[in-house]
Structure formats: C-alpha cells, structure tokens
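J.: Relying on the hints, combine the two individually framed chains into one complex.
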Amino acid sequence: MNAARSRITLPFLIFVTPVLMWLFLLIVLPHIDLLLMSFRIEDDAGAMVWSLVNYLNFFDEPVYWRTFTRTAVYAILTTMITFSVSLPVAFYITKVVSPRFSGFLSLLLLMPFWVSELVRVYGWMILLRESGVINHFLLRAGLLQRPVEMLYNDITMVMGLVYTSMLFMVVPLISVLESLDDSLIEAAYDLGGNVFSIVTRIIIPHAMPGIVSGGIVVFMLTLGNYLTPNLIGGKNSLWFTEQIYNQFIASFNWNQGAAFGFLLLILSSAMVWIGLKLTRQKLSQVVQ
Amino acid sequence: MALDLSVEKVSKSFGDFTAVNEVSFAVEQGRFFSILGPSGCGKTTLLRMIAGFIEPTGGRILIRGSDMANLPPNRRPVNLIFQHLALFPMMNVAQNIAFGLQRRREKKPDIDRKVADILERVGLPKFGNKNIGQLSGGQKQRVAIARCLVLDPAVLLLDEPLGALDLKLREQMKVELKKLQAQVGTTFIYITHDQSEALVMSDHVAVMNKGRFEQVDTPRMLYAHPKTPFVARFVGDNNAWNGIVADQRDNLCTIKTADGQTFSAGAEPDLKPGATVSFFIRPEAIIIAPESGLDDFNRLTVTIKSILFDGANSRLLATPTDGDAELMIALPQNRQYDHLAAGDRVDIGWSARSASCFRVP
Ligand SMILES: Nc1ncnc2c1ncn2[C@@H]1O[C@H](COP(=O)(O)OP(=O)(O)OP(=O)(O)O)[C@@H](O)[C@H]1O
Ligand SMILES: [Mg+2]
Chain S
1 MNAARSRITL PFLIFVTPVL MWLFLLIVLP HIDLLLMSFR IEDDAGAMVW SLVNYLNFFD
61 EPVYWRTFTR TAVYAILTTM ITFSVSLPVA FYITKVVSPR FSGFLSLLLL MPFWVSELVR
121 VYGWMILLRE SGVINHFLLR AGLLQRPVEM LYNDITMVMG LVYTSMLFMV VPLISVLESL
181 DDSLIEAAYD LGGNVFSIVT RIIIPHAMPG IVSGGIVVFM LTLGNYLTPN LIGGKNSLWF
241 TEQIYNQFIA SFNWNQGAAF GFLLLILSSA MVWIGLKLTR QKLSQVVQ
Chain V
289 MALDLSVEKV SKSFGDFTAV NEVSFAVEQG RFFSILGPSG CGKTTLLRMI AGFIEPTGGR
349 ILIRGSDMAN LPPNRRPVNL IFQHLALFPM MNVAQNIAFG LQRRREKKPD IDRKVADILE
409 RVGLPKFGNK NIGQLSGGQK QRVAIARCLV LDPAVLLLDE PLGALDLKLR EQMKVELKKL
469 QAQVGTTFIY ITHDQSEALV MSDHVAVMNK GRFEQVDTPR MLYAHPKTPF VARFVGDNNA
529 WNGIVADQRD NLCTIKTADG QTFSAGAEPD LKPGATVSFF IRPEAIIIAP ESGLDDFNRL
589 TVTIKSILFD GANSRLLATP TDGDAELMIA LPQNRQYDHL AAGDRVDIGW SARSASCFRV
649 P
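As you go down the protein sequences, you meet chains S and V in turn.
Numbering of the first sequence is given in the working numbering, commencing with residue 1 and proceeding in unit increments.
Numbering of the second sequence is given in the working numbering, commencing with residue 289 and proceeding in unit increments.
For reference, chain V alone in the conformation it holds in the complex (with noise of 0.2 Å):
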C-alpha cells in the first residue's frame, strides 16, 4: 500500500534541550494513526514539524513520497486541527469552511457545493449560517474538521482535539471521528495523552516518551505485549514489581522480589540470572481462588484492603499477606464475588506467561 507519510530521523533541540529525537515511522494510505504519549513529550512538537510550522533540526519529512523540506504550511497537502480549534470567530460557519477554498481560487459555485457536502458528511446540514458562538463544544469539532476535510488533505493531523470537551462527549465524539475517518478514508495522525482514545480509534499507535518513539504497534499488541517497561506502565493499568532473576528455562524465569517473595513470568531468553528485572501484571489477568494443578502459576494469599466499585471496571486493592506491595485486581463481572468485603483474605494467582518482564537498567 501507499505510504501518505513518512518521517525519516526527524529532531528538534531547542538550545541544548531535545524535544524531538530521532523519530522514524511511516503511515499507509487510509489509516488511523495515533502518538500517545505524556505531557511534554513532544508530541506537538512532532506534528507541527509535520505541518510546516517548525523546521526539523534534522531528518526528513515526506509526504505522498514528496520531501517537505523548506515547504512552509500554506502550501503542503496536509491540515492541522488545532488544540483549541482555531474557529475564524469573525466568519459564520460556512465562511469559515471556505476559506481553504478561496485560497485556492475555487469558483463560487464549487464552494458553495462542497462547503454544503461537506457539512452533510460531519452532521451538520443548514448550519452554515451559524455564528462560531452559536455552536456547542461537539459541533464546533466538527466544522474545524469540516474546514480541514473539505480540502481533500493527503494528511489529516489532529492534536488533541478532544481534549476540551467533557467526558461524555468526549466518549461519543471518539466513536464519532472513527466512523467518521473510515468513512472519508483519509489519513488521520491523532496526537492525544489520553491512552483510552488512541486504543478506541487506531489502527497503529505510537507510544511516545521523551521525545523519542517507545514502541508502534497495533492497540491489541501494544496492550498484550508491551515492549518496554514505559509502555507496560503507560498503556492501561498494570501492577509492578522490582526483582532478581534466580533462574531460567524454557522462556520463562523465577524472580525473586526485595520482600522475598518467588515468582516466575515469560521472559526473552537473554535475561540471565542475576539480572534486575520488573515484571508487570494487568489487574484482569489475575486469577481470584484459582483451581488448583496449572502448570507455571504463579499463587498468591492477599487480603483485601479496600473495594474500588466501578462498574464494569470495579477493582479490588490487595496487598499480599507476607508482602508490602499492593495490588489492583480486576472483579468480574457475574457478581460471583460480591460477597467480598474488605479485611478477608483470599487466594490469587496469575499464569506465569501472562506477566511480561524487562531488565531494567
């Protein structure tokens, strides 16, 4: 498939600082592509490298297979959507729509057609007329994607974009801008911190720490087999621990932890004994008074400090009784255990290979 961007080593320094570092990815034709990182880890500062507003301090951009070195953003083939949108207040929706139109000379009778398509396409028919202060949180995310859409980019970029609006209406408006980009099937790169996003809309997200990539890989991959302690944490909740290797065979190593307590996970075969590691654990992983007789499972007795209800992501808080760790242990849904309460204590365990482990430094 056609590649409708690649970037090629790209950094940015500001002075002696490093926000961007040696970046490489590249994304297909038609495809959701997420950055999903922290705070200050250089996200914005990648995309508007993308789009033209910051000059890379190395490295390449192409878009379509075309360099964009020295291009500046009014004339590259991709649109940015701003973090607080960037609606022109002093143009109605529909003015607002065509301004990428004008630039280009379009005739009116086209604009007026693609400004009213368009419109159709995001839910908002007859709403060209409006002012930008009429408009709710929800529609105005739509005209600003409107605006950039109806220039028909290579590159749709969006730097999160949801993060002004309130929870429900940020939960709607992820399921909303999916359909949304299947059904114009252009290239979306969608910049956001928040981890439940990035899961929900893309196709491949890149995990971003620091200024440099941790890992890309497909939302499923990237929850089940995190490539780096970073991203094991960041993405989805997860219980750690610190520990040594004592031994290992077949793929799979006993840990010992500082509070003296045996573990075994799946582990790559370089990690030799003596090796730091911390290894990880998702909280629905755990297994609570699981059957006895499994092969490599790991078992454990915990006493229940603190029931967390949620819902459908109700959670237990345990710590184990000849430890001080604590742990996040996932209840299911049957209502089989609502008998519990805080103070019993009740036997745990997990598969071994469901752990993931790294060596740490």
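Extracted from the complex, chain S is given alone in its bound form (with noise of 0.2 Å):
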C-alpha cells in the first residue's frame, strides 16, 4: 500500500492530469473568482473596494433570509416526503416481488429521467392548469362546476420537487434494502412485531446510512432546484435560487448573487453537518 503510494509513475500522471486539470479549471478557479468577487462592492466613486456589505445584506434585509428559512423548510419537507414515499416503493422492489421483476421495475422509475426536468415539468402543468387534462376530466365527470387552477401553490411544487427527486432516493434504499437478511424481518415478526415496530426498529436501523445519503441529495437538489419552484411554485413567494438569479440577471449585482451563492452553500453544508450528526452518521460511512 505504502510503496504503490510513493511510486508516481508517468502513466499514472497521465491519467490524474487531466482530472486534476479539469478540477481545478472549471471548478476551484471560477469559485476562486466568486468568492473574491462576493467580498467587493462599489464604493459612491465607483471604484470596487473589499467589503462584508454583501454579506451583512442578507441579514440586515428580512426578504433575503425569509425566503432562504421558506426555502431549507420546503426542502426538508421534501426530503421527508421524498423518504416516506420512498421506502415503500424501494421496499417492495427489493423484498416483495420476484428479482426478475425488480429490475424491470427499477427501469421504469429511471425513466421519466431520460427527458429533461424542464419537459417534465411542463408535463405537469399541461396536466395540472386551469384548462389541463385533469380539470378537462374532473369537468366532464361532473365532480366540478368550474375548473380549478392547480398550479402556482405551494402543495403542488412539494409534490413535483419530491417526483423528481424520488429516484436520488429510492436508489440508495433499494442498495441497503438488499444487504437486508430477510430472516431478520421474519424473525422480528416471529417474535410479535408488527409493521410499525418491524419498519422502525429493523429495517429504518439497517437502511440508515442509505437514508442519510438518499436524504443529504435530495436535500441538496431541492434548495439548489430552479426550475420547478419558478415554474409551478407560489407567485407570491420566492425560492433563494431565484434570489440568485435577480441578482445576476436582474439587478446585475454579481457580487452580491455571489455571495448569496456562497451563503446557499455554506448554510445547506451546515444543515447537512447538523442532520448527520443528529442521526449520528459518518460521512464517510454513508458515501461509500
């Protein structure tokens, strides 16, 4: 081990090159710029002088760090809907029906993720708005006078943010699913469980370090999503990433987008250090 490490060898530089160029090219380097960037500000002579103002800002006005507490809350929420959806699902694929069928199963979740989230999304809302396919049905049912608007609500983002994140989660339980021993649940069930205390004391324990990753992705993806919050999300309420993007586009501040990028970041790893060590996980442990 020890001496495969000391031993650089031109083909191995050869191969580490590139993605160390790569790494450092079009990821260390246009952060490096951001972040120089999120610390300057325009002085009344309209020099750029380093400043924390961009910073302070988000703290100072409550509409900045309103919308990023709506923001974390919602993509918690989601994430726990995403898991309690999930579960089953990765459940009954692994331990219920027959392996044959489990694998053409997993394929049909993978595959609303061959057409782009944009296309998905407006998928929902042909089906969802006012003169959508649903509202067409409900109507000619008779089960509603007037169509409804479903779209632009808070209920339905949840559950379009949780659609597509689903598959982030439902893949890593089915991977701890399988390392379950179904003599345990048996067992368990032998012994006077039931479902309640076979889910909670079994099987929640051994899928936990599936959970904790499915979960810190999904919770990642959702307070990074765009386009599903803006498309079929509340007018009346904002999500941080459309706060970046004022920023940038909008009000071209670039250096305050900046730092509210780098506030998205630095507060969701915290979120994500907290819930791990709430849960009492280990990085490491739940990446491999």
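Calculated directly from the structure, the hints in this document are not laboratory data.
Predicted model, so just to flag it, every value in this text is computed and none were measured.
For glycine and all other residues, C-beta sits at the position ideal for the given N, C-alpha and C.
Hints may be right or wrong, so weigh each one.
[To be verified] Here are some chain S residues the structure puts well away from chain V; computed CB gaps all over 10 Å:
{"id": "1", "residue": "PHE104"}
{"id": "2", "residue": "ARG120"}
{"id": "3", "residue": "PRO147"}
[As the list claims (entries may be wrong)] Which stretches of chain S does chain V cover? Using the computed rule of at least three CB atoms under 8 Å from a CB of chain V, they are:
{"id": "4", "stretch": "27-34"}
{"id": "5", "stretch": "183-190"}
[Claimed, not checked] Here are the simulated DSSO-like cross-link-like pairs (lysine-lysine), alpha carbons at most 30 Å apart as the crow flies:
{"id": "6", "chain 1": "V", "residue 1": "LYS414", "chain 2": "V", "residue 2": "LYS402"}
{"id": "7", "chain 1": "V", "residue 1": "LYS498", "chain 2": "V", "residue 2": "LYS560"}
{"id": "8", "chain 1": "V", "residue 1": "LYS402", "chain 2": "S", "residue 2": "LYS277"}
{"id": "9", "chain 1": "V", "residue 1": "LYS418", "chain 2": "S", "residue 2": "LYS282"}
{"id": "10", "chain 1": "V", "residue 1": "LYS418", "chain 2": "S", "residue 2": "LYS277"}
{"id": "11", "chain 1": "V", "residue 1": "LYS467", "chain 2": "V", "residue 2": "LYS418"}
{"id": "12", "chain 1": "V", "residue 1": "LYS498", "chain 2": "V", "residue 2": "LYS462"}
T.: Take a look at the structure:
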C-alpha cells in the first residue's frame, strides 16, 4: 500500500493530470473568482473596494433570509416526504416482487429521467393547469362545476419536487435494503412485531446509511432547484435560487449574487452537518 | 399428558410439486421432538407452516388445542430459531432479547429482570451490553435461544441451529441444548439432517423423506427396529443386500442373494417365498470369529480389504470370499484384533434376528 503510494509513475501522471486540470480549471478557479467577487462592492466613486456588505445584506434585509428559511423548510419537508414515499417503493422492489421483475421496476423508475427536467415540468403543467387534462376530465365527470387552478401553489410545487427527487432516494434505499437479510424481518415478525415496529426497529436502522445519503442528495438538489419552484411554485413567495438569479440577471449585481451563492453553499453544508450529527452517521460511511 | 402440538394431515404444494405430503404427528408437553431427513425433504417447509410463515394447502395445526389456521406468526404461541439465527445486528444482546417483551408492552423493570434471568440461564450473565458482532458462534446460538425462551412459548421450533458451527462446538452444544431443554421444560421441535444430533437429543424422532414421515419412534427403536428401508439406510450405518425369499418359517426367512449366497433373517410373517427383499445388518451386529454351534446364525468367510481406524469407531472393510458385496464390520474395542491386516481372511457371522428385512416393490 505504502510502496504503491510512493511510486508516482508516468502512466499515473498521464492519467491523473486531465482530472486535476478539469477540477482546477472548471471548478476551483471559477469558485475562487466568485468568492473574491462576493467580498467586493462598488463605492460612491464607482471604484471596487473590499467589503462584507454583500453578506451583511442577507441578514439585514428580512426578505432575503426569510426566503432562505422558507426554501430550507420546504427542502426538508420535500426530503421527508420523498423518504416516506420511497421506502415502501424500495421495499416492494427489493423484498416483495420476484428478482426478475424487480430489475424491470427499477428501469421503470428511471424512465422519467430520460427526458429533461424542463420537459417533465411542462408535462405536469399540461396535466394540472386550469384548462389542463385533469380539469377537463373532472368537469366531464361532473365532479367540478368550474375549472380550478392547480398550479402555482406550494402543495403542487412540493409534489413536483418530490417527483423530481424520488429516484435519488429510491436508488440508495434499494441498495441498502438488498443487503437486509429477509430472515431478520421474519424473526421480528415471529417475535411478535407488527409492521410499525418492524419498520422502525429493523428496517430503518439497517437502512440508515442509505437514508442519510439519499437524504443529503435530495436536500441539496431541492435547495438548489430552480426550474420546478419557478415554474409551478406560488407567485407570491420566492425560492432562494430565484433571489440569486435576480441578483445576477435582473439587478446585474454579480457581487451580491456571488455572496448569496456562497451563503447557500455554507448554510446548506451546515444543515447537512447538523443532520449527520443528529443521526450519528459519519460522512465517510454514508458516501461509500 | 397434554398435547402441545398436533399436526393433522398437513400438506403443502408449490405448483404441482408436493413439498409436504399429509404429515401427521403429535408432541406431548415438555418433549424434545426431532424431525430428521435428507436435504430438500420438506423439513423447513413443515416448520414454517407451524410457525405461520406458510399457509398449508391442507390439514390442521393445533397448538395447545387451538386451531392455528389464518393466525399470523406474530400471534402464534410458538417461536422459531432460524437456520442462521437472524439476530438483529443493530441491537445489542439485551435489546435483542427484550424485543419480543417490548412488543407485548411489558413494563421496563419486568423486561430488565427477565432479560437478566434468561441470560443467566443460558450461561451468558453480564453479556447484555455486548454487540452481536462481538459474540462467538456458540454464544450467538445461546442468545438466539434466550431471545425465544424469554417469551415462554408453548413450542420452540429450531431449524438446524447447529448447522453453522464447527464439529467440536456442535458436539458440545448438542449436550447443552438437551440439558437446557430438560431444565426449562419447553417443548422443542428440532429439525436436522444429522442423525447423531437427532438420536442424542430427542425423546422422539420422526424420519422424513420426500415430504412424508417414514417412521416416528424413540431413538432406540428407530435404530434397533427400522420400519422402512429408508430408515434402515438413513439412521446409523448399515450393510445392505438384495435377495429373494426362498423359504419362510417361524418369522425367519431364508434369502438367496444375486451372487448366490444364502442367509436367514428375521421377517414379518407376510413375506412369502418369491418376494424380492432388501435386508440390513448393522456393522456392530457382526461378530468376528464367532464360536460354533449357534442357532439361526449366518456364517461367512471374508477377505479384509482395509482397516478404517477411527478410535472408538474403527471399522473393517471386507468382501465375502465368494461374492462381490462390500461389508462394514465394527472392530471391538478390546484390541483383541490388533493383529488383523488387509488381505487376511476371517470368519464372521451374525444372528439372523439382528438383521432386518423389507419387501421391495
Ligand atoms: N417457495 C417455494 N417454491 C417452490 N418450491 C419450494 C419453495 N420452498 C421450498 N420448495 C421446495 O420444497 C422442497 C423442500 O424444501 P425445504 O426447504 O422444506 O427442505 P429442507 O428439508 O428444509 O432442506 P434443507 O435440509 O436443505 O434445509 C425443496 O425441494 C424445495 O425446492
Ligand atoms: Mg431447511
């Protein structure tokens, strides 16, 4: 092991250089630039000077941090709903159906992801809008007198976010549940367990690494999602990514936008860290 | 005595394959009952029907007199010890044992007391805080048993629980399990494909083959008086011959074998001359250099092919001088035959009544 590590050979260098270059040029360099940018403002004379104002604005202006809190709360809610929907799905695929069929079902889960998120969101809009498919059928069936607007509210938005994130929760759950010995579930059942105690005492503790890694991915993706909240979310409340977009594009204040971007990164990392601490999981175990 | 378990004509088919075929038996309270059979004969299927994981396609299962039909495993007064134990790795020893008690909503002090008691009983005091991964094979075994016994089940079902242990530990656990059962007095239904486990531990043994029970008897009777050729072959070692009945009198028949030898063997009176039979003689029933003048005695001269030394269980492998069968002969333990070597010729013989004889269809 040590001998291998100390031998940096030519093939190794050839292999590793493009990777390092890619990491450095496309990820590290722009971020350094953005980081520097976030600490600069234009003074009265129009010159750029160093300042923390961009960051302080976030805390001084209630609309910013309220938007962030709202975004974070909805992201947590979405993560929890995604988990409660995905666990039965993953359990069904791994433990209930025959192995031949479970591969097919996993493929079925993947299918919606063959089209881009934009197309999927427009699909939802076609179904749900006032003149959409669902309203049309409900009117025909006489269940509604007048069409209802089902888009542009928070419930629909959360549904859309759950749908978009489900795959990222189901896949890690399938992989942890596959390693769960069926006889543990049977033993718990034999010892008097019911569905609730088997899920809470056996399945969830066993699946914890998968739950946490799926949870982190879903939480981060939801927090950073732009399309779904923007297109089907409520008009009167904002998603934090829209604030960043507004700063960059609408106000053309790149320095403020960069500061918000870094705040999003730092705050979401902090929340993930707290989540890991609360569930007593180690990042290295979760990621493997 | 009260019956803890009675199984009445229970069957289970998977498609057109019948895994368990009209099996009936009853077990009295406090007995150690074993089901012995080769791999794939339907033992696990039968046990899982009693535990409630599989619904029988026919027949009834009664536990302490009440019909178990349509009752799920968590509501049956039986517990199952799984082939690979199925201890919960996410809990420590005490939590594993407390799991069932908590499901019954017992009070915390009661649970703690019962867990400590049962750990003491299975010889693992102060092991409560250990993780499952820290235990040895034999200790895991005992935790699995404690986890079920703490619930005080009417019947404890064990599915080859010693299968995963090494030989030495298996011998030791065999004795311990028997002692534990006698001490707690719970009815045990024990599945195994190892005949020595079944014979050593059980009050009664059922020999199972292809989904049916061939014979249910005490270990002693099973060994001494097998009722079917399968039992004679499967329980203990046996020398087997095929032949045709030439004569029958006084429950003794004369049998002619294909290689032209004649023996007499004890038989049921309904074996008429001309019937094809197999007959079996145990290695330890064969006497080396028998004295002359015995009644109803078969005599034979054999050539020793090899000596299989195995301590107290040493054998001779020999072929009759005028025949091609191979015979297994137990060597007495008094070192009287230490001079025997491969290639020697010796006279052997056995009493006709110690051979068992069955009609083959
Ligand atoms: N779910 C099932 N579907 C179809 N066949 C099954 C099923 N379960 C068991 N069998 C068949 O039933 C027969 C008996 O199986 P069982 O598991 O009861 O055997 P066993 O006696 O416990 O064997 P072993 O000693 O190997 O554990 C086997 O031939 C098996 O292939
Ligand atoms: Mg089995």
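J.: Which of the listed hints are broken here?
T.: Violated hints (numbers, rising): 4, 8; every other hint is consistent with the structure.
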